[in-house]
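Modelling step: build the complete structure from the supplied sequences, incorporating the hints.
Taken in order, these protein sequences are the chains called A and B. Under our numbering, the very last position in the first sequence is 1631; numbers go up by exactly one each time. Under our numbering, the very last position in the second sequence is 1631; numbers go up by exactly one each time.
FYI, nobody ran anything at the bench for these hints, they're computed from the structure. Bear in mind that the values here come from a model prediction, so they are computed numbers and not experimental data. Incorrect hints may have been included.
Given that identical chains are not distinguished, each listed pair holds provided it fits within a single copy or across any two copies.
Below are the SDA-like pairs computed for lysine to any residue, each with C-alpha atoms no more than 25 angstroms apart in a straight line [said to hold, decoys possible]: (1) K1245 x A1358; (2) K1196 x N1291; (3) K1402 x L1282; (4) K1476 x Y1279; (5) K1523 x N1291; (6) K1196 x I1464; (7) K1390 x S1152; (8) K1196 x L1494; (9) K1399 x L1285; (10) K1597 x F1553; (11) K1622 x N1510; (12) K1161 x N1462.
There are 2 protein chains.
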Amino acid sequence: MSKKLTSRSEDYSKWYNELVVKADLAENSAVRGCMVIKPYGYAIWEKMQAELDRMFKETGHQNAYFPLFVPKSLFEAEEKNAEGFAKECAVVTHYRLQNDPDKPGKLRVDPEAKLEEELVVRPTSEAIIWNTYRNWIQSYRDLPILINQWANVVRWEMRTRLFLRTAEFLWQEGHTAHETKAEALAEAKTMNNVYATFAEKFMAIPVVQGVKTESERFAGAVETYCIEALMQDGKALQAGTSHFLGQNFAKAFDVKYASKEGKQDYVWATSWGVSTRLMGALIMTHSDDNGLVLPPSLAPNQVVIVPIYKSDEDLDKITEVANGIMSDLRAKGISVKFDNRTTQRPGAKFAQHELQGVPLRIAIGPKDLANGTVELARRDTLTKSVVTLDYLTTTINDLLKEIQETLFNKALEFRDSHITEVETFEEFKDVLENKTGFISAHWDGTNETEEKIKELTKATIRCIPLEMNDEEGVCVYSGKPSKGRVLFAKAY
Amino acid sequence: MSKKLTSRSEDYSKWYNELVVKADLAENSAVRGCMVIKPYGYAIWEKMQAELDRMFKETGHQNAYFPLFVPKSLFEAEEKNAEGFAKECAVVTHYRLQNDPDKPGKLRVDPEAKLEEELVVRPTSEAIIWNTYRNWIQSYRDLPILINQWANVVRWEMRTRLFLRTAEFLWQEGHTAHETKAEALAEAKTMNNVYATFAEKFMAIPVVQGVKTESERFAGAVETYCIEALMQDGKALQAGTSHFLGQNFAKAFDVKYASKEGKQDYVWATSWGVSTRLMGALIMTHSDDNGLVLPPSLAPNQVVIVPIYKSDEDLDKITEVANGIMSDLRAKGISVKFDNRTTQRPGAKFAQHELQGVPLRIAIGPKDLANGTVELARRDTLTKSVVTLDYLTTTINDLLKEIQETLFNKALEFRDSHITEVETFEEFKDVLENKTGFISAHWDGTNETEEKIKELTKATIRCIPLEMNDEEGVCVYSGKPSKGRVLFAKAY
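Dropping the structure here:
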């Protein structure tokens, strides 16, 4: 298989699919819609997990683990939630296989081993968790409960794409319980903020924080906060959501607490999650026609060293220099790999590390040995320079920070130049067709208008930005009064 | 619910169940046989994961993620493996729910949404992984593949117990592919060694390394290495297994590689795993009638500080002292928590931390403030001493090491004093009934004898120890010749 990717301008979607597979991030599996996350892709996901997990713990959360299965009777308890997910549920109906009497060597479901009650493979865990919380919560002393779970979930999507939409995906889901509405609302906002900070600081992806309209809200939520990012092709991507669930789940599962004054009341709830979908956002924000571009904060290897040699003697000398560089870099907390594979030539190694987005590449050849230098190549700008060994660690330390910032600023500039304010529906359609990106427009606040615009343009309201101007106007479609602009876009 | 546990001598099994629930480790869920791992239990599991993950990476392994589901046709490809797990498989047959026309407000499986091919919820992942490896392996250059996965698996067990045997459990499963038989064998042994080191060094659990007999082998393995531990009630517990799979899966999934010489051959395989079952082993090795006893290496909090005060002024002073202690301990890498909850009295806090196995407890009261001392209580020995602040950090640092060693040595002494060599079947039965523990006895090497002994005594061959004496003898049951002793026991 050629390492060369289809260019983004030729076919963005094809470019994405090829990149994911060729950079060894993930691939399709034998199970419809389920992916295999390959070691390199998983290593990036692990970096994301580690940072997020730290941020969750710093904000007072603990991890726990709840069952994969949700009995049907619990699943259907919160009606809106059930309605929202019923159409895409994998359902376990049997608990045993047996030899197929008609087909020797084959197995079939044992008809005797039918479950009394079907089990839904969790598409999200509110139901099983709130059923558990009922036993954990008696009084205000038991609150708040601040729990997160790292888990796999299954949503039987019909059209799937690696990382972006898969039948099984990995995620974290926070589920919290509070005494008051104000506390729960504050938690939902705090966690959306955590997601925004993570996206911007570690993923180098600028995001807009906002709330979803009713039609885009999580099934069972009173309010859904979100972070929305813009991909290079001008389509938006929902990168994380944090839901204020009101007392919906507490009521569905009868979770009450006794207040300090002895009054019984339903508990207030939030839930919030990000998933392996973030991998898709990462790829489509920074990468180029040569492959993946990784922000140093999330690169499994921030630096790779490639030796260029003809004799074993040269290799020995290069190895000695490489060892020195590695120990200096590691002392600074910089991750580095010495790619001394003998099965690949330097050119093939260069191509692979470029495709896989290693932020900095060091090449050391005989000339470098003589001069006390190395060649340092930067993945994001594809520029090279010669650096003397004395300054190498400092240079690399500074460059990694610079790359992280550059990637963010570049993405920010692209995003900001792709937010277009429009006043008419003609302009609206024109932007969608020619410029793409977010459209900032007035909306009359009705479901009907939102639906009609979606029908006509495929654009949806990505969010009502939290930092909305109090600018009154008229709806871009209906001409009715509007209290402020919202962000429309075509979306992943 | 009373915090007091049933004593071990009264009812070991009841003691275990009560401890797991009351120490907030885990509880049963609404799903038959599936547990909820509560935050405190999960925090211990996270410590185990972190150490194991580090050890796997240090031995050259990378993490990846494969689908939860195994299509039936792949599941049945390796016959012995399929046969071994078919009887306990949860099976997904449908992918959608719909409103039940007969029961308003209820859902039912949509009969139109039946899967063409049933999906088995993975009981183990050899099938789906080896089906993937076929595409990853062409030549010797692609080998070895050294991959681990952290995942949930489902085995529909009829009798379940928290941590020890649950329908869903968390585990890691390594799956490696090699050029030669020798390499694969070496890998299987290396990983069994890693497990033994982890058990002894971090869990403070002495283990016997050995191989399983044919009847106890993993379904589809050529050889199963294992680590076997002894619980306080004299029953054995299999704590980890590492399988040499030969070419069985390579043949079932047609995974061949071209050697350096261009010859095509099937790949050699291993798989190895440990699970949340280790939590059960940890509990049943060290804990006592007062609750959990944790080795410091795996304690979420190694030290807890409880303030004893009557006035806010005293609390302020104690807080100041506690902050100093915490900063000193944390600088040494010791984890510590200041339990300044106002909802609980000191006595209740002491009881809770004892029940939850915190290795060291510091109490600071007004007298201590005056004297520049604290009271230091050790969980494993239930002893207390008064320590001056100047020596506190050093004392704690030393004590944590001492506790870790003491726990291991105590368990080792118990284990070693519960390995009994017997020569006759009368002695065999007598030990099982009165002394319990491992029985070291000669066995004729046949399945029949093993089966017969199991039938008569419920004891099974836990392993053929790797460090087996080359002592010839006669089988304890059949009187036929034997080449060495094996370890029998009743087991979890």
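Comparing the hints with the structure gives:
no.	hint	verdict
1	K1245 x A1358	between (41 angstroms within a copy, 17 angstroms between copies)
2	K1196 x N1291	both (20 angstroms within a copy, 23 angstroms between copies)
3	K1402 x L1282	within (15 angstroms within a copy, 66 angstroms between copies)
4	K1476 x Y1279	between (52 angstroms within a copy, 22 angstroms between copies)
5	K1523 x N1291	neither (42 angstroms within a copy, 45 angstroms between copies)
6	K1196 x I1464	between (34 angstroms within a copy, 22 angstroms between copies)
7	K1390 x S1152	neither (44 angstroms within a copy, 37 angstroms between copies)
8	K1196 x L1494	between (34 angstroms within a copy, 24 angstroms between copies)
9	K1399 x L1285	within (20 angstroms within a copy, 56 angstroms between copies)
10	K1597 x F1553	within (22 angstroms within a copy, 70 angstroms between copies)
11	K1622 x N1510	neither (67 angstroms within a copy, 66 angstroms between copies)
12	K1161 x N1462	neither (30 angstroms within a copy, 52 angstroms between copies)
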